[in-house]
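Once you've looked at the hints, dock chain B against the given chain A.
Those protein sequences? They're chains A and B, same order as listed.
-11 is the number of the first residue of the first sequence in my numbering; add one for each residue after it.
-11 is the number of the first residue of the second sequence in my numbering; add one for each residue after it.
Keep in mind that a hint or two might mislead.
Distance ranges between label pairs, derived from CB positions [as the list claims (entries may be wrong)]:
#1 B:Arg185 - A:Trp159: 57 to 63 Å
#2 B:Val13 - A:Lys244: 54 to 60 Å
#3 A:Lys126 - B:Lys244: 57 to 63 Å
#4 A:Ser99 - B:Asp39: 27 to 33 Å
Selected chain A positions facing chain B (in silico; Cβ < 10 Å) [claimed, not checked]:
#5 Gln7
#6 Gly10
#7 Asp46
#8 Phe85
#9 Leu215
#10 Phe295
#11 Arg299
Below, simulated DSS-like cross-link-like pairs (lysine-lysine); rule was C-alpha separation at most 25 Å, straight line [claimed, not checked]:
#12 A:Lys109 - B:Lys126
#13 A:Lys217 - B:Lys(-10)
#14 A:Lys(-2) - B:Lys109
#15 A:Lys(-2) - B:Lys89
#16 B:Lys(-2) - A:Lys89
#17 A:Lys(-2) - B:Lys(-10)
#18 A:Lys109 - B:Lys109
#19 B:Lys(-2) - A:Lys(-10)
#20 B:Lys(-2) - A:Lys109
Derived from the structure by calculation, the hints contain no laboratory data.
Glycine is no exception: its CB is placed at the ideal position from the N, C-alpha and C atoms.
What follows is the residue order along each chain.
Protein chains: 2
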Amino acid sequence: MKMWEDYIRKVVPYVPGEQPQGDLVIKLNTNENPYPPAPGVLKALREMDPDQFRRYPDPSASLLTKALADRYGLPQDQIFVGVGSDDVLGMAFLTFFNSQKPILFPDITYSFYPVWADLFKIPYETPALDHGFCVDPKDYRRENGGIVLANPNAPTGIYLPIDKVEDMVRWNQDSVVIVDEAYIDFGGQSARSLIDRYENLLVVQTFSKSRSMAGMRIGFAMGSQKLIKALQDVKYSYNSYTMDYPSVILGAEAVKDETYFCQTVAKIVKTREEGKRRFTEMGFSCTDSQTNFLFVSHKKAPARAIFEALRQERIYVRYFAAPRLEDHLRVSIGTDEEMETLYRFLEKELPNLSLR
Amino acid sequence: MKMWEDYIRKVVPYVPGEQPQGDLVIKLNTNENPYPPAPGVLKALREMDPDQFRRYPDPSASLLTKALADRYGLPQDQIFVGVGSDDVLGMAFLTFFNSQKPILFPDITYSFYPVWADLFKIPYETPALDHGFCVDPKDYRRENGGIVLANPNAPTGIYLPIDKVEDMVRWNQDSVVIVDEAYIDFGGQSARSLIDRYENLLVVQTFSKSRSMAGMRIGFAMGSQKLIKALQDVKYSYNSYTMDYPSVILGAEAVKDETYFCQTVAKIVKTREEGKRRFTEMGFSCTDSQTNFLFVSHKKAPARAIFEALRQERIYVRYFAAPRLEDHLRVSIGTDEEMETLYRFLEKELPNLSLR
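Here chain A stands alone, though its shape is the one from the complex (with noise of 0.2 Å):
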């Protein structure tokens, strides 16, 4: 082993759900959303300039800014974007978490927290989720050099309600708090309403499941001009242009059309209620999901054996070998008729699945 080898960064990457491909499976693995971005982001890709993509993006993404801020009724200079809220969060445990202090999250949560801390040597500890997978502010009342709470949670889906959000911000005024609203727009009400009263609350959101943008990867942060700021000036430090040309005039154009919005949303959102009386019916157990996807347990047939008998029928759903987590499955709301697939398939396989 040669010594540059000694100073290779030691690192356990995040692994991203499969991405099968070709037309006829079904995909309930990654959360994404089933219905096809807005018309105009439609047009405005027809109408693109390609001569503009010998020239770098404005480094400011002022034009997706601007979308945001008057979609959210906030100054410009209380929104920063990136490439994916991945590397909006990522970004903000670079430019927030230099305390020696550990940052806290809970136990069950995204994934991506600890990769994140350990990548940057950052401390942290893991308030365990309550036997209802709930979090209990409570537990984030103790020194700390940072807060995270993905709200809805994942892959629990269950939210906590804005006042218990509040309660751990107010409890926490020298730590930076970040709540990460990935699943916000299919329920609950956004941290974002706090953020006037709170300088040290950043909300983060994404494109990537009520936008169906997943594949432009476009995130970003809502705060104080004091958080924005700083992470800001650490974006400028590792990367001036995040975001390519199409991504700031698509992003643009899909915050436009609030209408199909939330039309999109509204369909999800009854397609999950369904979704949460039939799994129900077939004797599954169910949280109070307010996301896009179900987290569902069978109580005779084993989570791991509903997740092989979907691959082996090409329906993708995800399954986690983790603590706590290895009795259930994590189903993303499709269309109707994908889910109306996968009932009828369970329907049928789960008496063959349970155990006696």
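Only chain B this time, still in chain A's reference frame:
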């Protein structure tokens, strides 16, 4: 000041070149390509299926790494892609420069290197270029935690012959040596030819200059499987999906058209060589640039005065208010028409700008 403000990472961000808007501007300040991307890029853009946007992109960007592997005769696992070469370089600093020894790069070079070093708290030292702005490989024969060499160098445009690059790599087999070849397609031989022999050599290139794709944010690295695997692991620990769907599709198309690529590069090289002649005739000294820009200094007229006069005329070039650079201008190679406009203005105005 709140306690959380103490823990914000302290940085001095990189300042990108101005991006003036409008059609009447001649923009020779950010080394963009004056010609559009390959025709296949336009075709692929027009045929792009926006329904794919709802899906996460391929995290390995395999279509793009395959196109690069085919083009450069390397296996796919010796290629890493990122959001512009800045993303690739930033990630390489984070991945490889984790010893306590200082990394080395020249005092005059791409001004992002010290910014990344500061961001990731990497100590560094900067051996001075000689009076002709050349790198002396002997300056790099001392203990270090890594080496970064821009070749050709910026903003000087000067190319270090490949045998001297190899000398640096051979002397430093305990360190990772990064050769940043943003401009190599315009002159000189790529250190890619050395990667089979030196496992510690990482060669970084970009689509922003020779491939007219600055707006798409695509950069790549070539190196040993060990180096590429280490970069991949850090990438998957930061953001699984850095390359969006359009950049993968359009980037692959750009690589495929070798004929267009060669024609475009040849045109720029011809304009550059003519530029050396014209600038010299006007009383400028001019390095033997092997890039898509010229680095010039007038014997009588101060660089700042020329810069400002040009800016008044809406002709943008780059001026660096930095030690050893403040007498120089960096002028990107535009079309022949744009360059002619520049020369005519200078021929007319230089007498007025010159000190007696």
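> Looking back at the hints listed earlier, which ones does the structure fail to meet?
Replying inline: 2, 6, 10, 11, 12, 17 and 19
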